[in-house]
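**Q** Spelled out, the chains give:
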Amino acid sequence: MRTVLIDPITRLEGHGKIHLFVNDDGSLANCYFQVPELRGFEKFCQGRPVEELPRITTRICGVCPDAHHMASAKAADAVYGVTIPSAARKLRELMYNAFFAGDHTTHFFALAGPDFVCGPDAPKAERNILGVIAKVGIDAGKQVIAQRARGQRVIEIIGGKKVHPVTALPGGMSKRITPEEQLEMIQIGRDMVEFAKFTIKVFEDIVLANQGYVDLILSDMYAHQTYNMGLVDENNRVSFYDGDVRVVGPDGREHARYRPENYLEYVAERVEPYSYLKYPYLKKVGWKGFVDGVDSGVYKATPLSRLNVADGMATPLAQQEYERYFETLTGDRTGRTMVHSTLATHWARVVEMVFACEATLQQAQDDEITSDRIHQPPTGIVGEGIGIVEAPRGTLTHHYKTDQNGIVTEANLIVGTTNNNAPITMSIKRAAEGLIQKGKEITDGTLNKIEMAFRAYDPCFGCATHSLPGEMPLEVTVHDAQTGEVIDRATRRL
Amino acid sequence: MKPILVLCLGNDLLCDDAFGAAVASKIENQYAPDERVEILFAAVAGFNLLDLLTDRSSVIIIDSICTGKCTPGTLHFFRGSTLAPSRTLTGSHEIGLPTALALGNELGLNMPPEVDILAVEADDVYTISESMTPAVSAAVDEAVQEITKWVEHKRELLAHHVREGATANVV
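For the protein sequence lines, the chains are A and B, in the order given.
So the first sequence is numbered by our numbering: it starts at 25 and just counts up by one.
So the second sequence is numbered by our numbering: it starts at 253 and just counts up by one.
The following block holds chain B by itself, in its conformation from the complex (with noise of 0.2 Å):
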């Protein structure tokens, strides 16, 4: 399991919730391919996000989100801490991305200490469509950039780790 994870959630096909499909596309393609790094896109919900989850260092998930709360395209940075677990489930559709990281947490599976969010602010996600709304469409790049950087602030990271741990073995 390579220890870094970038998780692009969406679906390609419903208009701006391709976005994480979008980000993901282009990264792939920017990045050789890295022992330490995974960039997934997937199509998922419920118990299938904690499969990913296990077993990873660091993660950021790419998604779409609808506050209605500022102009669509705006990219919304935060803690998966800091949203709300639901924990009485009516159908295994329920299982979202918060009650997959408390349920993974309370099981004392390896879960990463913290998961980062990167969101953008959509304004259709109900209509199918393979194309995006242009506001979310032009925030695509901006994103690309905002996670490269917080790959590299991980793996420099992940690389002190290593370092120090290989110190305390020679100790």
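The following block holds chain A by itself, in its conformation from the complex (with noise of 0.2 Å):
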């Protein structure tokens, strides 16, 4: 038994874990994943001012706790029954693309970045975001970071605090903006684009110029034909903070559009035995099991599902690169057809990266953002509510209840990760399939091959732990699918 241990003083208990259980001629019989989740927080909510949540649910990632303020705004909103001032509407809009722009850079150059820049067969002391560095240049690195600072600077002026931010309440904001800071990220937004633009001439220059990563993004073991979820605009584009659910077939059908406070009549949760992970699928489908195919009601949430779900981009740099891709991938550029290779959400995170960048900047140009009137004071009650964001991993929901005073009585979250715990757990499959056979070690790039199934969706990982040093490694454990017993063991660092 290989087993890598690490040392004791980074360890925690937070893993994200892949079991696989293989038979006596070594073929594969199931495989699940786990991954850490801060249970008993809708609990936790209960007793407390609704108006307190959009504060207090930025505790439940350190990776996107804007994603979570912004739903929780939003479902407060609706607890109320106040529709939000324009001008306040448009300052959540503006620091949630700021956010989406810095997150998905980090993503793409981060973890897609060693695969695609790297390749998945590089040595392993190389195929890391330092090895990314060393191809693509030291500059190139700062720009990453500088491009994540702009991000954080729109935060901190919207948001009234650095890091997490505060001022969406129900009702609107809580802070307005000054013409200064109006320029400064117009400013900003400018500086973004620049950086999309940088982005894109990366992505052309080392993945797409390299047919064996395109054929790598369209290879069988990473394809999955499921349904796609995702929020769109009156015109069916892409959307992050607002707009109806769309939900469209393997085979391009429009299953669904939706208001959010209707998910409950298109969404169920399945619970199997041996996980406490939840697998939502759509309702009207129904549940088949963790199988492919328009009969089957899985469903995915990812930057890829929603390129499948809008009819095009807002932004005309975005739109040319939605219709790139689209033609790139399926031949045909209208994106009609849908893309089902998993290791595309890769690039469909780029293209929404460059609709993030381009959006700040219009956005930031317009002077209503300035104005006094950001909050409308609630009058009355409804006593529910449910606020619906696209964070970055996926469709984020929060849906409360509160008594006449706007406590909370309920609370149920959906967050990015849960809606893709079933398709995650298909791709590891497949891609485990492929590699996991008799009397073979689990090598190194047999990891990786399996690990690129799950980190194209980037699983969320219940991070609220973050005690030190605050990093979650995988770890895959291969058990006898008869006796249960561990056969091998690895954990992944370098």
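Hints in this document: simulated from the structure, not taken from any laboratory.
The beta-carbon is built from N, C-alpha and C at its ideal position, and this holds for glycine as well.
It cannot be assumed that every hint is accurate.
Pairwise CB distance ranges (calculated) [stated by the list, open to error]: (1) A/G313 with B/P365: 48 to 58 Å; (2) A/E204 with B/N357: 31 to 41 Å; (3) B/F330 with A/D391: 30 to 40 Å; (4) B/A387 with A/P73: 58 to 68 Å; (5) A/G161 with B/E408: 31 to 41 Å; (6) B/P365 with A/E434: 45 to 55 Å.
From the derived model, a few chain B residues whose C-beta atoms are all more than 12 Å from chain A [said to hold, decoys possible]: (7) Y283; (8) V392; (9) A411.
Reassemble the complex: the two chains are provided individually, in unrelated frames, and hints are given to aid placement.
**A** Okay, here's the thing in structure tokens:
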């Protein structure tokens, strides 16, 4: 048995875990993955004033607190039945797009980069973020960091605080923007768009110019024909902050288009005996197990899904990239033919990042954001509210019920990654089936190829637990399918 | 960017992981605003850490840790460079402090030459709760004293550097 032990000081209980169950003949019997979840949070929300939740729920995730802040504020608006002023909505959207621009940047360069810039078969010592920097140059690395800082600065200006936004509250926003701050954000927007162009160039030169990578993206091993979910605006274009939820089948046909408040009519959750993870599926199609196809209720909610459900992008450069993406991957630039390859999620993220940058610039130039009218005080109470946004990792739903005083009696959250629990399981299984064979040791290369399936989704690790060192490595355990006995285990550290 | 940073990490809703937040609020109350010293509580991970560390001259991080080798409430003081970075990442949640530091240095960013860490041995960082276990809670005051000394020391160093710099200019 090969056990790669990590230094005890860096050891945490919160590993992501993949379990593979192998038959006597070496074939794969079953597999599932676990991520540490922050359980009990919904209960913790009970008994608290709903207006506190936009601040409290930012503690769910140390990577995307902004997404929870937004979904929560929208749900709280609905609880009070209040329509927020137009300027407040614009501020929220601007902050949210700036956040997406930073988050997607990180993912593409730090996580997708090693596989596509260095290559999936590059030596382990090079296949990492530093290897990416070695290839694209230190200046590019600095630009990535600068891009993140731009996103953070917009969050600080609009969100009122470095790191954790605090200004969205039921009825709108609590902090006005000065004309000087607007000017600063316009410049940030301009710099972001330049960075987006740079990223497109990197993608062209390093990924698209290499047929091997394009083939890898299109490889069957990473393809799944499932339904897709994402928010769209009134013209069916990608939208992160608001819109209707659109669900499109693997054949490209619209399955549903609904207002967020009706989500329970469309989505149900499956519980499997071996895991505490919930597996959401499309109610009207039904749960048929972890299988592909138009008859299986499994859906994905990822950057790839958002492009699949949309008819286009709302900004020019992003639209151009959207068309190129579909033309390269399906031969149909309209986007009506679905992309099913999991690894294309990385490319979809680049297209979305371009949109986020352009949208940040556009929205920063709108003078209404400096308006005084940013809050509509609630006057009545509905007692129930649902807020949906697109988190970078997928559709995020906050659903609250309150009493007549606005005290939370029930809360239900479906975080981005939860939507993808079934497809992630399927992707890992597909990859593992091709790689796990009798008598064959699980090499680093095998592990990386399984991880590539997992990594494309950028699963959320319930990272509210981030005691030192704050890292959540992935552990793969191989079990005997009959006895459950552990026969191999590997943890990735370098 | 203020040159001296007291960066308190953790999650104020997760039992002993609230240590950083408790320390931050106590120190904030103790200190008058100072243009050289920033005290920040952040419930963040990943690249967000790198953003906070860039362009500082001295940083101390306050956090919880689970070594299982001593009793809860024990304070550990060590250098950030003793933590091993993880470079092959499986998700954006995996970029922790050591990786952020290594990356910043590799990129040639203006990183602090060393990051000091003051971590409390935690008992429970998995239960959602706004209160810490008694042993960890009792360590807050001691941590605040240590940090106060650390800040004073860094202030003196900084003042010394400024004086040296001024002399050099005159010469």
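**Q** Which earlier hints can't be squared with this structure?
**A** Violated: hints 3 and 4.
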